[in-house]
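Visitor: Make the full structure from the sequences, and use the hints.
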Amino acid sequence: MDHKMTDGTNGYPGKGYKVIGKPVPLIDSRAKVMGQALYTDDIRLHNPLIIKILRSPCASANILSVDSSAALALSGVKGVLTGADFKNSFGVLSISKDEPAIARDRVRYMGEPVAAVAAETSEIAARALRLIKVDYEITDGVFNSKEALKPTDQPLHPELNKKNNLHKEILQEFGDLDQGFADADVVVKKRFRFASINHGFTEPHATQVSIDNNGNITVYSATQVPHYLHMAMAEVLEIPEHNIRVIKPHLGGGFGGKSDPFPHEMIAAKFALDSGRNVKIKFDREEVFFSHHGRHQTDLTMTLGYSREKGITAIDLDTLIDGGAYGSFGIVTTYYNGVLLQGPYKLPNFRFHVQRLYTNKPMCGAMRGHGGVNPRFASEVLLDMACAELGLDPAESRLNMIHKENTLTTNEFRVTSVGLHNGLTESIKRTRWKEKHGKLPFGKGIGVACGFFISGSALPIHWNKLPASTVRMTIDYDGGVTVYSGAADIGQGSDTMLAQMAAEVLGQPLENIKIISADTRTTPVDLGSYSSRVTFMAGNASRNAAIRMRRILIEAACELLEMIPPKYDRPDAPDNFFRQGGRKPDFEQGFLGPNPDYTDGFIIEDGLIRSKQHNASVTYLDAVAKALEFGGILQTSGTYRAPKLGGKFKGAGAGLSPSYSFTAFIVEVTVDPETGFIKVDKATCAHDCGFPLNPLTVRGQIEGCIHMGLGQALMEEMVYDNGATQNPSFLDYKIPSAFEQPEVDIVPAYSDDSEGPFGAKEAGEGILAPVIPAIANAVYDAVGIRLTQLPMRPDRVLAALAKAKDKEAAK
Amino acid sequence: MKLLNLTINGRDITKAVSPGMTLLDFLRDELNLTGTKNGCDKGACGCCSVMIDGKPMLSCLMPALEAEGAVITTIEGIAKGNNLHPVQEAMIEMGAIQCGFCTPAMVINGVHMLAENNNPGNDEVKECISATVCRCTGYNSIEKAMHLAASKMREAARDGS
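Going down the list, the protein sequences come from chains A and B.
Sequential numbering of the first sequence, starting at 428, is according to my numbering.
Sequential numbering of the second sequence, starting at 11, is according to my numbering.
Derived by calculation from the structure, the hints in this document are not laboratory data.
Remember, it's a predicted structure, so these values are computed and weren't measured experimentally.
Glycine residues also receive a C-beta, built at the ideal position from the N, C-alpha and C atoms.
Check each hint, because a few of them may be wrong.
[As the list claims (entries may be wrong)] List of simulated lysine-lysine pairs, BS3-like, C-alpha gap at most 25 angstroms: (1) B:136 <-> B:65; (2) A:1109 <-> A:1161; (3) A:831 <-> A:737; (4) B:136 <-> A:1106; (5) A:449 <-> A:617; (6) A:524 <-> A:449; (7) A:449 <-> B:162; (8) B:52 <-> A:1109; (9) A:1109 <-> A:871; (10) A:866 <-> A:1109; (11) A:871 <-> A:856; (12) A:861 <-> A:871; (13) B:136 <-> A:871; (14) A:1071 <-> A:773; (15) A:1161 <-> B:52; (16) B:162 <-> A:1161; (17) A:1232 <-> A:1106; (18) A:1075 <-> A:892.
[Said to hold, decoys possible] Now the in silico label distances, taken between C-beta atoms and shown as ranges: (19) A:564 <-> B:132: 55 to 61 angstroms; (20) B:76 <-> A:502: 41 to 47 angstroms; (21) B:11 <-> A:906: 51 to 57 angstroms; (22) B:93 <-> A:1231: 57 to 63 angstroms.
Guide: Here is the structure:
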């Protein structure tokens, strides 16, 4: 085995950093490996009531009555809640607050909460659920997107005043589509179909609430978005936000599945407020699947024009996405289905029409690669087809179309750093692509695809003028540095990243940095862990707070050394300056200023602050003591705000990001024509995450994305029968095991982002999308079939092979 | 309620237990040994694995009373004080830990595998890891960690002899 991978830098220059760019294990990994890390359900509150939720057995029904008298009469039952107890609905997007904590008057999906019980023990709560009588009047349900488009007098959401179940429709056109197709040497078109898939995080949803004598509640919850939960809870419960404290304990995976406020969180808080008791709730795995919020089931038709000279000349996309019963992130998903096709290649002419439908199924929402994954499959497969028709090498053809650095896309996304060209070139070499593509024996194939993703949404979900992320930093008299951030570590390692920022700038060992995060009482606001925003935004905030702190320490050191402190550029507007990493990108010249970061003529290391010029030093602790003399507290803040971006047209805000990641992905597969099984033998990934802050965690994100992409490609699908979830367990919803996971080769594709913290961009999501079409393209290379339906199950492979054989015979 | 006698992480325990209680709930709720996780309650995810009489078992499928007389090691009993087991050390070193929810079960299974054979082949390692669902890592780093732990243990065995 090659253990040298822990270095992971693949020869990329480390720029002389001490902590940044080094393979650093997560700072909480020791607690995790010893079983000491406390996840939400591991917290032990004093004498809590146990909550259980009664869920609807019908997908579509009117609730005629709910009789909870027998349940309430049961000894040990302390309360029952029904839809009537919650006036306000909620939703993560302020433009679609359509979900009640408990169904009122009607149920819209099977598994929807219709009542909840709080009792002294879980056995009593379970018994009480069986005593609640709900009288349902079953109504006609809508179970797929096409049905949902049909006119009806009884839509799922009458409040939208529509005569069908359309939730959101977006049609945008850029450039001249007709001209684009006229410019093409070949035009390819196909229909694609995608199953809905689930995040499959290992820790089921859980929430605990403690309450004090004054009715203040502390909510411990398995959430990616403590801040949004905080806001939603105040609105649903109609209490001031400052009476609520939300804490995210250790979190067992999210992938977008814990990025909404959830009904059970509202229910738990309400029980605590009503009973004055601590409460707890934990889902079983079935409930996780019923709540779902996974990737939308999708039907799409795409037409792609391709020219030998110009590359892609036009894309026309028509998509239906099945949103299930409620809005969740769906409006964003609807936009992302279109706008994320704006990269990684130049796309001069472009139209997309996306419709999100309400159906009587568990709702869909954000999932890793949000909205961009399914259309990416279509465009990358069509591109492969176009190249095949023209007899071109699909990998080399891609090289010529990649966005240049510091350019605008057709819909006015600002593209800054791009490391894809190098990454793809190197991947072609490393895989010996040219010796393999089109030349392997029947059953063996190699395929390529590329990806593009946002590095944080530039706009907040709830419009406000606060920074997107703020970090508070303190140094105590003992020299210990504490970073306070609202960012939610969901296992991706954001706490470690925040600590690396502070350690590097302040010249401290990582062990000297303590992190307090995701606690709405003690940490400043960060919007949450979604849209791959945390490294870019919270990372910059932590770095900026540390730079301010460094200035204070240097000034204190100068006072002790009787030196004149250094003059800083733009002392009045440090955040604007820092936002650009201390550098100003010049778009016309493609020029990036030098990287001053914190070049102040001093070095902090080994417990000393040393002036380079004067060869004089003081101890770090003396400087800290000096700095503390005046106010007794040594504290700074750092913020991140995205720059002003984007066009002036309606919907221009969707997909705007301060930077974008790029990915090249090549896989080698074996297809067994007898069984229809696809085995992925090797994956080669070049992901441009800017400068990799921590190669160990970047590698982990790449391998994790490959796992999840592999699952969606080959086996994962939510199965519904008239709205009833057929496979709500890990026994029936299969995810890839270690045997399916291929060997992974990571190729450097790094760039130096002008605004990312130390040049970094996202690494958590963008990798996933190209995994799936690369596999499909490799399958074509192996056995000559184009699979257009996910997952690419063996039966579909066999059917396509049989069809290809018939076609061959008919010739 | 019935009396249950067993040894957990080297400590003898006698407690009254209701017949319906699983071993997992007994560990988590009666003893506060929350390092053992409940990911599915159905024996499908493996996160609840503990060592019973030297073998990894799913504690969510086992009535606590069936563990009468058993010697059990949970994740809390793997390290010797602050000295981590080589599997734990290797998991940290190789970045095989992300969210960490499956980690205790992965460690339990790895410790068992390497106790049986400190020179496992690739398939043996994959087999061991497949006992637990991990959604974060893609398993590559966990595999590497198991191989690294095996080589550390072989080295220690050589040095010791």
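Visitor: If a hint holds in the structure, say so; if it does not, say that too.
Guide: Results of checking the hints against the structure:
| no. | hint | result |
| --- | --- | --- |
| 1 | B:136 <-> B:65 | holds, 17 angstroms |
| 2 | A:1109 <-> A:1161 | holds, 21 angstroms |
| 3 | A:831 <-> A:737 | holds, 14 angstroms |
| 4 | B:136 <-> A:1106 | holds, 16 angstroms |
| 5 | A:449 <-> A:617 | violated, 45 angstroms |
| 6 | A:524 <-> A:449 | violated, 43 angstroms |
| 7 | A:449 <-> B:162 | holds, 23 angstroms |
| 8 | B:52 <-> A:1109 | violated, 33 angstroms |
| 9 | A:1109 <-> A:871 | holds, 12 angstroms |
| 10 | A:866 <-> A:1109 | holds, 17 angstroms |
| 11 | A:871 <-> A:856 | holds, 19 angstroms |
| 12 | A:861 <-> A:871 | holds, 14 angstroms |
| 13 | B:136 <-> A:871 | holds, 23 angstroms |
| 14 | A:1071 <-> A:773 | holds, 22 angstroms |
| 15 | A:1161 <-> B:52 | holds, 14 angstroms |
| 16 | B:162 <-> A:1161 | violated, 34 angstroms |
| 17 | A:1232 <-> A:1106 | holds, 22 angstroms |
| 18 | A:1075 <-> A:892 | holds, 19 angstroms |
| 19 | A:564 <-> B:132: 55 to 61 angstroms | holds, 58 angstroms |
| 20 | B:76 <-> A:502: 41 to 47 angstroms | violated, 30 angstroms |
| 21 | B:11 <-> A:906: 51 to 57 angstroms | holds, 54 angstroms |
| 22 | B:93 <-> A:1231: 57 to 63 angstroms | holds, 60 angstroms |
The structure fails to meet hints 5, 6, 8, 16 and 20 from the earlier list, while all remaining hints are met.
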